[in-house]
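Here is how the chains run, residue by residue.
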Amino acid sequence: MNKNWPLWEIFIRSKAGLNHKHVGSLHAADADMAVQNARDVYTRRNEGVSIWVVETKHITASDPDDSDQMYEPAKDKAYRHPTFYDLPDELKHM
Amino acid sequence: MTDQNKFDYILQQADNCLILGQRLAEWCGHGPILEQDIALTNISLDLIGQARLFYQYAAEIQGEEKTEDDLAYLRDAWGFKNVLLVEQPNGDFGFTIMRQFLYDTFSCYFYEALMSSSDERLASIAAKSHKETLYHMKWSADWVIRLGDGTVESHNRVQQALNELWSYKDEIVIETSADSDALAAGYGVSLAELKEKRDAKITAVLEEATLSIPEGTYSHKGGKEGVHSEHLGYILADLQFLQRAYPGNEW
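Protein sequences, first through last, are from chains U and P. Per UniProt numbering: the first sequence = residues 1 to 94. Per UniProt numbering: the second sequence = residues 1 to 251.
None of these hints come from the bench; they were simulated from the model. Being a predicted model, the structure only gives us computed values, none of them experimental. Be careful, since some hints might not be right.
What the hints assert, rightly or not - Here are the computed distance ranges between Cβ atoms for each label pair: (1) U/A61 / P/E153: 33 to 39 Å; (2) U/D86 / P/K131: 28 to 34 Å; (3) P/E153 / U/A16: 40 to 46 Å; (4) U/A29 / P/H30: 29 to 35 Å; (5) P/Q240 / U/A61: 31 to 37 Å; (6) U/T60 / P/R244: 58 to 64 Å.
We treat Cβ as the ideally placed atom computed from N, Cα and C, and that holds for glycine.
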């Protein structure tokens, strides 16, 4: 029966102010169950304060075969990095 | 012993938590899918955690240098005050879900009321446990609805579970002398008020689950006074073996 349950990708916000981060995937019959399952599987050791679930089939990924044309051209363009600014200490998580 | 009645009152709830926690722990590694295996054992650990808070307090009241471990591991079946509902065997997943639902609908409103206890220690245990129990009730109610309003087979199985457990659901809201004394003394909960809220919740969920509500009014009794079904002895044999065979042994 569980073979028929769709796969869901799980995103957890570890604390207020941080991004939701992909932590893994699990099976569930619908979105409500996916949130509950994610709560039990991924936040039982106090890992999170918010959960997003997305059914895996709704995610479109880039093709690894296109890596050369997609990512190589950015490698030698150091001037696109804002590395010439001094960041104040108060600014966290940059 | 400074307060026998309060001691008995606390043990009623402590033993419900421990025995149901032990029953749910039997699911470890046997859940229908990995995610629900973890859900079942998470709830088990919540319940054992609640049991510990109550046993620690009860041991302090008992004095005589007793600890929570003495209460959990070294009492015999007739000393346990849990209701018969929580010692019933797991059965299939639908049966475990229904047993859990019939317990959660009690414990949720019990802790809600116990938060107003005149005993600060009980009120604080209740506040912590209530949050956990709200989630347990959401989980078990959702599953009752999923299974009841699911396939023909899931509906039939959970209906069968409801029929079998119906006569076990009310013992927990029938007053013992410990309950009525606790209410009179101000630290206990009104089971009459609790029953009204609980019954309304049970009815609403069962109707949404398209289950037929059994008509029987008979209730099994005895657990709260230490008179148990044959099942409790086997549970305690599993639970207490290590401490009985190797007294004082630690990890």
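Results for each hint:
no.: 1; hint: U/A61 / P/E153: 33 to 39 Å; in the structure: holds (37 Å)
no.: 2; hint: U/D86 / P/K131: 28 to 34 Å; in the structure: violated (45 Å)
no.: 3; hint: P/E153 / U/A16: 40 to 46 Å; in the structure: holds (44 Å)
no.: 4; hint: U/A29 / P/H30: 29 to 35 Å; in the structure: violated (20 Å)
no.: 5; hint: P/Q240 / U/A61: 31 to 37 Å; in the structure: violated (53 Å)
no.: 6; hint: U/T60 / P/R244: 58 to 64 Å; in the structure: holds (60 Å)
In the structure shown, a violation is registered for the earlier hints numbered 2, 4, 5, in ascending order.
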